[in-house]
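Here is how the chains run, residue by residue.
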Amino acid sequence: MSDGFRIKGGRIDRAKPISFSFDGTVYRGYEGDTLASALLANGVHLMGRSFKYHRPRGVLAAGAEEPNALVTVTRGGGRSTPNLRATQVELYEGLQAESQNRFSSLGFDIGEINDLAGPLLGAGFYYKTFMQPKGAWAKLYEPLIRRAAGLGEAPRHPDPDHYANRFAHCDVLVAGGGPAGLAAALAAAQSGARVILADEQNEFGGSLLAETTATIDDQPAQDWVRATIAALNAMPHVTLLPRTTVFGYFQQNFLGLVERVTDHQAAPPSAVARERLWQVRAKEVVLATGAIERPLVFAGNDRPGVMLASAARIFCNRYGVLVGRRVILFTADDSAYAAALDLFRAGATIMAIADLRTNPTGPGVDAARAAKLPVMPGTVIIAAHGRLRADGVTLGAIGEDGAVRAAGDLPCDALLMAGGFTPTVHLFSQSRGKLTYDEARQMFIPGTSVQRERSAGGAKGTFALAAILAEGHAAGRDAAQKAGFTSEAHVAPQAKGDIPVAGGFVGAVPQPKGGVKGKAFVDFQNDVKATDIIAATQEGFRSIEHVKRYTTTGMATDQGKTSNMNALAIAADALDRPLPQVGLTTFRMPYTPVTFGSIAGHARGDLFDPVRQTPIHGWADEQGAAFENVGLWKRAWYFAKPGETMHEAVVRECMTVRRAAGLFDASTLGKIEVVGPDAAEFLNRLYTNPFSKLEVGRCRYGLMLNEAGFVMDDGVIGRLATDRFHVTMTTGGAPRVLAHMEDYLQTEFTDLKVWLTSTTEQWAVIAVQGPRARAIIAPLVEGIDLSAEAMPHMSVKTGTICGVETRLFRVSFTGELGFEINVPSDYGRAVWDAVWAEARKHDVCAYGTEAMHVLRAEKGYIIVGQDTDGTVTPADLGMEWAIGKSKPDFVGKRSLSRSDLVKPNRPQLVGLRTADPGFVPDMGAQIVPVANPAPGSSAQGFVSSSYDSAVLGRSIVMGLVAGGRARMAETVFITRLDGAAAPATIVEPIFYDPDGERLHG
Amino acid sequence: MLLIECPYCGPRPELEFRYGGEAHVARAADPATVDDEHWTAFLFWRGNPKGLHFERWRHASGCGRFFNCARDTVSDVIVKTYKAGEPKPDAARLMTGTTP
Chain A
1 MSDGFRIKGG RIDRAKPISF SFDGTVYRGY EGDTLASALL ANGVHLMGRS FKYHRPRGVL
61 AAGAEEPNAL VTVTRGGGRS TPNLRATQVE LYEGLQAESQ NRFSSLGFDI GEINDLAGPL
121 LGAGFYYKTF MQPKGAWAKL YEPLIRRAAG LGEAPRHPDP DHYANRFAHC DVLVAGGGPA
181 GLAAALAAAQ SGARVILADE QNEFGGSLLA ETTATIDDQP AQDWVRATIA ALNAMPHVTL
241 LPRTTVFGYF QQNFLGLVER VTDHQAAPPS AVARERLWQV RAKEVVLATG AIERPLVFAG
301 NDRPGVMLAS AARIFCNRYG VLVGRRVILF TADDSAYAAA LDLFRAGATI MAIADLRTNP
361 TGPGVDAARA AKLPVMPGTV IIAAHGRLRA DGVTLGAIGE DGAVRAAGDL PCDALLMAGG
421 FTPTVHLFSQ SRGKLTYDEA RQMFIPGTSV QRERSAGGAK GTFALAAILA EGHAAGRDAA
481 QKAGFTSEAH VAPQAKGDIP VAGGFVGAVP QPKGGVKGKA FVDFQNDVKA TDIIAATQEG
541 FRSIEHVKRY TTTGMATDQG KTSNMNALAI AADALDRPLP QVGLTTFRMP YTPVTFGSIA
601 GHARGDLFDP VRQTPIHGWA DEQGAAFENV GLWKRAWYFA KPGETMHEAV VRECMTVRRA
661 AGLFDASTLG KIEVVGPDAA EFLNRLYTNP FSKLEVGRCR YGLMLNEAGF VMDDGVIGRL
721 ATDRFHVTMT TGGAPRVLAH MEDYLQTEFT DLKVWLTSTT EQWAVIAVQG PRARAIIAPL
781 VEGIDLSAEA MPHMSVKTGT ICGVETRLFR VSFTGELGFE INVPSDYGRA VWDAVWAEAR
841 KHDVCAYGTE AMHVLRAEKG YIIVGQDTDG TVTPADLGME WAIGKSKPDF VGKRSLSRSD
901 LVKPNRPQLV GLRTADPGFV PDMGAQIVPV ANPAPGSSAQ GFVSSSYDSA VLGRSIVMGL
961 VAGGRARMAE TVFITRLDGA AAPATIVEPI FYDPDGERLH G
Chain B
1002 MLLIECPYCG PRPELEFRYG GEAHVARAAD PATVDDEHWT AFLFWRGNPK GLHFERWRHA
1062 SGCGRFFNCA RDTVSDVIVK TYKAGEPKPD AARLMTGTTP
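Those protein sequences? They're chains A and B, same order as listed. Under my numbering, the first residue of the first sequence carries the number 1, and numbering increases by one thereafter. Under my numbering, the first residue of the second sequence carries the number 1002, and numbering increases by one thereafter.
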């Protein structure tokens, strides 16, 4: 196709033609084009289908506010980005874009039937229509609606690109690089402040990039932009970030920026991040985010070819594209005349300038009249016609009585709307600043600041170029001064010759009596019509927040950029209340959509979460261990031999430990070194057990409660010296326990002289468990008498193993004779290898966490967090023996006598002997009084631990059962997913070697 | 992300801190002498004010110290941080200076 609508001029590079495709058709554009400008140059206005009615839609705007022209760009390798605004997609060679929300092609969309069914699809349609029959929603309606609704399609493959993340600090952050932002950045930088200037477009300059008549400091505006950028670039303390959207304004001047690094490149280098998330802490902020032109609300205002006047001017002046040859303007604002004049000079025929105002005046109007353009004061567009492209309008004359009368039809191929501008206050609003309503100009502008920011230019409702530059300059100086930089005497840039925004209109434009056939849209992206908003008010919605949710106006990615004020004005009119009293909806972060990739950054795949590995991890990996995640740790789960199932491996590992011995990597065990003259007293207060009289070289089990009396952790505590304890705790609980200890040490027991050090990763721990344990380690240990007399169960000695210093514990979590060898982590693997070599002489194996769980459950040893749930007391566990009765106080002691903690029917830990020894209940299964409890009746408890015990040849089960400790020998039932609940007898929770004879071998 | 002034280390990003609940809730020197009602209040009753809230934070990924903080729950502005053990500042005097 030919790009017949391309004209002279603009900022595109004609030496660099680009071919691209849209819906499979190949077109030509130039470097500097956007997808929208290149398509318009080829005469293509139809770029999308609307959300609800599937109406043909063309481009409305030229920037981030575009609601209609949403496209999906694919670029191979699974890269597919939906919902991009064609007005922001920079053209590159080979770009492939597809339109969205169509059911066959853009030109013929079967969904357009919704447009004819329009009367049924008004506000609240979903809520009203799909209520009956019951059950049909989930089965029938929802799947259909999901298929028909939604914008774009999520990518199906993992994102092959990578994303970077940067933190930055600056003195002054300037959001927006139009005239106000450039003046502000320049003034702040000249004061010596570190400045970051961010703009969402590929070039700085904002509205000046389409300016034709204005001069700044006696040079054409675009020359001033070039000189200013050059000056900023030359200053090392200035960071210029084009293609960077400031999307969120958070607490304490913390702002989120996303920089699109490679999306505009035909062949992005694979080493470069696609996008970069900037998290910036700015001392001061200047918001120079500009303003967005409003559409006018009349029938057919969404036809392809109907667009904003400012957009048509940008396409004409910046991109060298004529949006139509026979152009009608519909305006309430002087600035539209600048568009009319520019398009006229570029060769378009201006068919009419319909001005809502009865007596428009100003430099634009004067210039248009001088050029003999057909200015028609007091005129409205009653309706625009055409389906796939606007082809004409019906004009209406506003009489002296205010009534509108039809005044004939006019043909056209483009219709430009100019309803005035809405300041872009999204970031100001996100900063929690309070907006003020400017009654005379019908706009919300920044009022009271909450954070250290100030607005300038269009964002503040300032529209004359000279005033914008003065305001930007002053804002930049003020920001730099407040950040501590004394400004030198630079003067603000001086401007003249522009045709500023003046006037505007909010709400639905006047109509002839009896109304008009056709839909008048307020929110183009969400397909919300003026009548929907009126309907919402008639159905009782009073607050704009409710109107918004009922009609969906201002929602989704658009966030009401073009629609907010018109919706509000229509609602205010329908409710007959002043506009500011109806309120303004919240502007939500992000300003424009942000990719998940940029938020995730490098935190994906292997880098999603840190992984903790023990020094012995590599050995287990070499042995083919399966690993399980415990917190961030990778723990060896079981060591299956070739051909073995997990169950077979666990059975073998358990039996080997009971018969001979097993090696277990216990390095993940949490460890805290408690040191100081008051260390014993500190442990007395933090654990239920007494520690004052614990001899050096001996260990004691410790049970830790929170202040409410509930078990929060447990572990073995060894005394190495009168003032030094080696405290162990659950793998997952270590950080929590340290924080708990520090809390009491720092804030309650401040009289105690104690120092706490986390030593979890300083020690590798090799557990050797089983009848042969002593024989295995004996040849390697020096300086420690391992005999049962010298080193009984629950003792700790220091010495060396393989020449490495060790803290050797005689402890057991299996019920067998056992040692836990602590060596410095750096020696963990070497000592493990030596112990393993010795162990192999005894026909033993390594075992994983699954076997460890079975072995401990056979002995009835609890696991905090599995057999407890944060509401379990020592008495509930039958562990009153762990409480030091003579201690005056410990954390949780007072709470143990609370009435709720002593009542009889509390869930208590018991063993459950299933009638069928082969029945291994699901953990979490409910415990009920009868085999078939009535639906809705309460359970009496649940299964907390359940395993198949090879050594016992049957299942072993523990659970928390209401009043269980007093219900020994009673029969209860355990639910199962594959049938009726099965019977089990309540027993003591200890199944193997109840007298502990094996422990003391 | 809040910027929090650790009384020991200076301003640091919120990521380095852990919240520690309401401040100035003292544990009785001898809990055995506290009746059920007062003990329940100590355990479970916490303020939820609209406005100035005195709360504990811990510089968990820094010095590890607990400290106290006066934060305006309406604006989320941290008005003052101070070391644990220092007296509770006067609320009325603090609130006059919340807006920067």
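If you're looking for bench data, these hints aren't it; they were derived computationally from the structure. It is possible that some hints are incorrect.
[What the hints assert, rightly or not] No farther apart than 30 Å at their CA atoms in a straight line, the calculated lysine-lysine pairs in the DSBU-like style are these:
no.	chain 1	residue 1	chain 2	residue 2
1	B	K1089	A	K753
2	A	K893	B	K1081
3	B	K1084	A	K797
4	B	K1081	A	K634
5	B	K1051	A	K893
6	A	K893	A	K693
7	B	K1051	A	K283
8	B	K1081	A	K283
9	B	K1051	B	K1084
10	B	K1051	A	K753
11	B	K1081	A	K139
12	A	K482	A	K434
13	A	K434	B	K1084
14	A	K841	A	K641
15	A	K693	B	K1051
Quiz item: Taking 30 Å as the top limit, are the C-alpha atoms of K693 (chain A) and K1051 (chain B) close enough?
Solution: 50 Å, violated
Exercise. Would you mind confirming whether the straight-line C-alpha gap from K893 (chain A) to K1081 (chain B) stays at or under 30 Å?
Key: 35 Å, violated
Quiz item: Given the hinted pair K482 (chain A) and K434 (chain A), is their alpha-carbon gap at most 30 Å?
Solution: 21 Å, holds
Quiz item: Are K434 (chain A) and K1084 (chain B) close enough, with their CA atoms no more than 30 Å apart?
Solution: 34 Å, violated
Quiz item: Is the Cα-Cα distance between K1051 (chain B) and K753 (chain A) 30 Å or less?
Solution: 39 Å, violated
Self-check item: Given hint K693 (chain A) paired with K893 (chain A) - CA-CA distance at most 30 Å
Solution: 20 Å, holds
Practice problem: Please work out if K1081 (chain B) and K634 (chain A) have their alpha carbons no farther apart than 30 Å. | Solution: 42 Å, violated
Self-check item: Distance restraint between K1051 (chain B) and K283 (chain A), which requires alpha-carbon spacing of 30 Å or less
Solution: Status holds; Cα separation ~28 Å.
Quiz item: Is K1051 (chain B) within 30 Å of K1084 (chain B), Cα to Cα?
Solution: Answer holds: K1051 (chain B) to K1084 (chain B) is near 24 Å, not above 30 Å.
Quiz item: Can the restraint linking K1081 (chain B) and K283 (chain A) be considered satisfied, given a maximum Cα separation of 30 Å?
Solution: 19 Å, holds
Quiz prompt | Given hint K797 (chain A) paired with K1084 (chain B) - CA-CA distance at most 30 Å | solution = 40 Å, violated
Exercise. For the pair we were handed, K1081 (chain B) and K139 (chain A), check the Cα-Cα distance against 30 Å.
Key: 56 Å, violated
Taken one by one, the earlier hints fail for this structure at numbers 2, 3, 4, 5, 10, 11, 13 and 15, listed in ascending order.
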